[in-house]
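*Asks:* Residue numbers (the working numbering), protein chains in the order written: chain U, 1 to 437; chain G, 1 to 244.
Hints were generated in silico from the structure; no laboratory data involved.
Warning: the hint list may mix true and false statements.
[As the list claims (entries may be wrong)] Some but not every residue of chain U turned toward chain G, in silico, with C-beta under 8 Å:
#: 1; residue: T42
#: 2; residue: A43
#: 3; residue: R204
#: 4; residue: L336
#: 5; residue: L337
#: 6; residue: L340
#: 7; residue: A344
#: 8; residue: E345
#: 9; residue: G353
#: 10; residue: H358
#: 11; residue: A360
#: 12; residue: P431
Note that this is a predicted model, so its numbers are computed, not measured.
Even glycine gets a Cβ: it sits at the ideal position worked out from N, Cα and C.
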Amino acid sequence: MIRPGVARRAGSRRRGLLVRLERRRASAAALAEIGVEPSRLTAADAAREALVAVTRSPLRTVLTSVGTVLAVGTAIATIGLSNSAAGAVSGTFDALRATIVTFSDGNRFRLPPDLTDTAEKPLDRLNGVVRAGLIWPLGNQGRLYQIGRTQPQPGQPQIGLPITAASAGGLATIGAAVSAGRLYDAGMDHRGAQVALLGATAARQLGITGVGESPVIFIGPTPFTVVGIVRRAPLDPGVLLGVIVPPGAAGVVAGRFGVGIGRQIIVRTVPGAAQLIGRQGPFAIDPLHPGAIAASVPEDPSALRQSVNSSLTSLLLAIALIALGVGVIAIANTTLLSVLQRRAEIGLRRSVGAAPRHIAVMVVCEAVLTGAIGGLMGTSVGVLIISAVCASRGWSPVLDLRLLLAAPAVGALAGLLAGLYPAWRASRVSPISALQR
Amino acid sequence: MRREARPQPRAPFPRDSYWEMELDQAAVTYPGAVPVRALRPVSLQFAAGETVAVAGRSGSGKSTLLNVLGLLDRPTGGRYQVRGVDTSLLSESGLTALRGREFGFVFQSFHLLPDRTAAENAELGLVYRGMGALERRAAACLALERVGLGHRLSAMPGTLSGGEQQRVAIARALAQQPRVLLCDEPTGNLDRKNAELVTNLLRGLAAEGLTVIMVTHDLEIAAGMLRFLDIDDGLVTERDPVNR
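The shape of chain G in the complex, shown without the other chains (with noise of 0.2 Å):
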């Protein structure tokens, strides 16, 4: 009897999975003399195409989940799995490779080389799948003319508006082909008028299929997103994004 409740071992990596994405009690806690909780035991599923708004106040936990999402940081309790392959039986290399190939990033600062195009800065990522570089150049084209910046490939960042310095990361994001794009506050540094045209550019992204996962504090934005995750002191609660 007491073999038969013995836990069945684990395949290493299964691949039932019909999520995009799937947290599985996963936690973050940062060791120290009082250690930091910053991502309570969480279990989250994400569908390829769904749009997702993360709110919270500074410091909840929104750029730890992100992270973790993104591959960027293991979670340090439970399980995460992308597309039915347990990350954290991956090695530091097969979780760039996974990362690079499956997530796109947009950060509220942009982070474009400065003295780079942008059309170089569009194809930094393509310069780690081993591309050749007309195809490479030719995939940060397609990406630039896609957010509405094919006239400014040979532009340099500084003479870049906000709006168009965050699309050209969009652009780098979109260039690499991902499955999911993970935005952390990307209209945060850009005024009314360029965050209404990045927010229209996400929502056409996300209605081609791409998955979203936006942190946000503009609420009419999360208002757009098909599912909200609020964070409170590290704990994820899902509510609905109107009716919140």
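Just chain U, with the same shape it has in the complex (with noise of 0.2 Å):
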């Protein structure tokens, strides 16, 4: 129900309109018989002066439209840098995780194993395989084995420590590369050569740090020679804490059940590749039960990448946002600023004939073209930062056109918010300061 005090007031405001309209009519109506026109002032004079007023002093337009340099600029830089992140974490995401599919075996106890000591050949032929090789911590996982420098005697001191069995294969797929010696090869796993690789961990705890004298480990009571020390394996970082042996000494080490079990192929794929060689692993393993063998597929990364991209891109978005607000609230002081500095030029702008809608129109389309200024100059900053983030970080630039288009546009948008306010005080300038100054 609407209450009585406010329909009178819209009833009122209402009147007070039609009077005013019609006031205009009768007015236009008797100027135009004594042969005056109303004042009119067409879009291009509007934007003339307007492109007057903004160059004739270009510093201080440089200066107002910094706010909105800095907001586009933000915006600009924050949504491409973010993109162009997104870019690189996918990039990365994909050559070390998308990348890469597991085998197992569906039974782990079964006797004989389904990943025979040959079973990663098969997978090397399949079109989009990198790599493929066999890997896994002999014992159960967390196994601990003693290792010392010597017989295991008593009073001698031995180290606890995993052990890693890993094809030739395995260590290539994993990424393995040595700080000293060489990895062992396929020759002398099929020879079933007792030599083994230290991580660069364990090699620091056994106190051995080259392989020059060819040193000798033992894992229990069997010597076992290092050829090599790992200093890094990007895929499979904990074999650095341990020692990896090739699969045809491991028998000596985890026994012949022990070595069986918790058999892994690491399959590192092309990227795109590995939802399909997850399907065609099993068959190529073991044709005959493809269903024994058990395939972990990464999951599809588009999703992640979207969430990832996603949550960036709002965060900095509302960081742009607020900034965008620093800019209008900063156009509108100095626009404000600007009217009451030329007050005197406002006043004799209406005495010559100016209406308080051109004055109106003046001071808003000098805010828009301000903004818009702002804007070209943001998305140039914006482009640079990106450009030079990218080149320093070694990323892809992302830039969307589209954005690049549209933030000068904002800027204008920017700037027509900051000018109402400004133009709404310049229209109600009277005439008569322009004679009083």
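With the hints in hand, could you dock these two chains into one complex?
*Replies:* Here it is, written out as structure tokens:
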């Protein structure tokens, strides 16, 4: 229900509007009879006047638009950098995770194991496989073996270390690289050579710094010759903590039963082939019993990537919006100051025939132009920032052309918003002020 | 009888006026705790081509009268007609249009835009008539030629002498082809020689049929005018311009 007071006020406003409209119509008609036409300001003249006003003091224009430059620059830079960073993250993600497929025994404790020492070979022949290899922790995960520099004797110190069995292909798959010596090869594996690689951490614990004198370690009572010290294995950094032995010699350490438990083949694929290899792999390994092989395929990374992008973009857009708000306030403030400084000019324009709306349009056009210039400069600054950061980080810059084109328009819109209040103030300047100064 | 005594409703825009401008008991009072009567009720008529001097002490109401005549201010009482149109019934836009077409203003301190050339200053008023840029520039050039500054079209105000600046201001007013020129102490900031130049120019314009109303303290200038209005504390008295 509308309260009587509100209805009265609404009615009064409507009547006031009608009276004003009637007065304007009557005025125009009366003036037309004595040959006086209404004042007019064409769009071209409004734009020209704004251009002259904005360009007559370039420094002031630049300083006025600093807020918009910062806002648009921040928006462009943050959105561009988030896209570039997400692209880089996705690239790394693809390279390290989304291209890895792991095959394991469906039944971990069945003998003989489905994943034999030669099971990796058919996988190497599949289209899309970069490298495949056996690699698994001996014994159960987390088991430590007593390892020393000499035969185990009472009073001699032994260190508990994990042991990983890995074929030459497995070492290549996890990206193992040595700081000293070399990796063992497939020949040593086939011969059942009792050779070992030490992870960098394990080597430090055992006091082995190099392999020049072919150091020997004892796993239990069994001697193994250390052929290399592994300094990095990006895909399985855990191996740096222990000892790596070839599958051919693993039985000596873990026994006939232990050597078959927990076997895994890790396959590195080309980007995008992981899902396919995950489906084809079991058939390649054991065509008769593909169901006995379990394949672990990474989830499609696009969903994760999208989620990362979305979160980053939302956060950064919020920051950009805040910056834009600051820009609007900055332009409004400077434009208002300019209006106050130019009261005499505004009064003069009013005295020579400018209607209040013409003054308002002039001020708004100036603010819009200032905002658009700020938008253009901000776009340039944003692109420069993106280029510089991407160059320094080795990322591919991702620039959305639509965003670059929209940025000056956003600046102009900010200018429009910022110009409204100063324009209203300017339109209310009395022309007498021109005479009084 | 009583019905006949009631005044007849006035036509909103009577057009039978002979006068260019007509004040009918027009007054200006500024409200406040103590209302200020800036212009006491006055009735004056101005015909086309008249030259009128307005004199009075500082704060006597000269500028208020000029503001009312130039439609920069509305009288708070009485009526003011321009070419028969009652200005109290005009909208703000109507007043603006009438002001821009009928009146040209010349101020004591010139009021030129410092970052525009003489030609751009002269065409300022024409911007609000929707004229094309070339047409506008042609009108501004003619006006500058008329005031003897045809050779300084591209000069910036800062490079012009005081007399030249005032002549650019007069050209700005003339470019609008007004019927009335309102001058507020146009020679107040000029030396004797330039003041004479400007005064002669204004006299020449009046001789061509332009109505010139000028606020001035210069008795010599006032003596050359057709009419003389003396203002004291808002009260306007018309005197003989020579035998005051």
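*Asks:* Look at each hint and say if it fits the structure.
*Replies:* Hints versus structure:
1. Using the Cβ-Cβ criterion of 8 Å, the hint placing U/T42 at the interface with chain G is satisfied: the shortest such distance is roughly 5 Å.
2. About 10 Å separates the beta-carbon of U/A43 from the nearest beta-carbon of chain G, more than 8 Å, and the hint is not met.
3. Proximity of U/R204 to chain G is violated relative to the hint, the smallest CB-CB distance being about 76 Å (cut-off 8 Å).
4. Taking 8 Å as the C-beta contact cut-off toward chain G, the hint placing U/L336 at the interface is violated, the least distance being around 20 Å.
5. Violation of the interface hint for U/L337 is found here, the shortest Cβ-Cβ separation to chain G being roughly 17 Å, above the 8 Å cut-off.
6. At its closest, the beta carbon of U/L340 sits 17 Å from a beta carbon of chain G; the interface hint therefore is violated under the 8 Å criterion.
7. Hint status for U/A344: holds, given a least beta-carbon distance of 7 Å to chain G, under 8 Å.
8. With a least beta-carbon distance of about 6 Å to chain G, the hint placing U/E345 at the interface is held under the 8 Å criterion.
9. The criterion of a C-beta within 8 Å of any C-beta in chain G is met by U/G353, whose closest approach is roughly 2 Å, and the hint holds.
10. Taking 8 Å as the C-beta contact cut-off toward chain G, the hint placing U/H358 at the interface holds, the least distance being around 6 Å.
11. Evaluation of the U/A360 hint against chain G yields a violated restraint, the C-beta minimum of about 13 Å exceeding 8 Å.
12. Proximity of U/P431 to chain G holds as hinted, the smallest CB-CB distance being about 5 Å (cut-off 8 Å).
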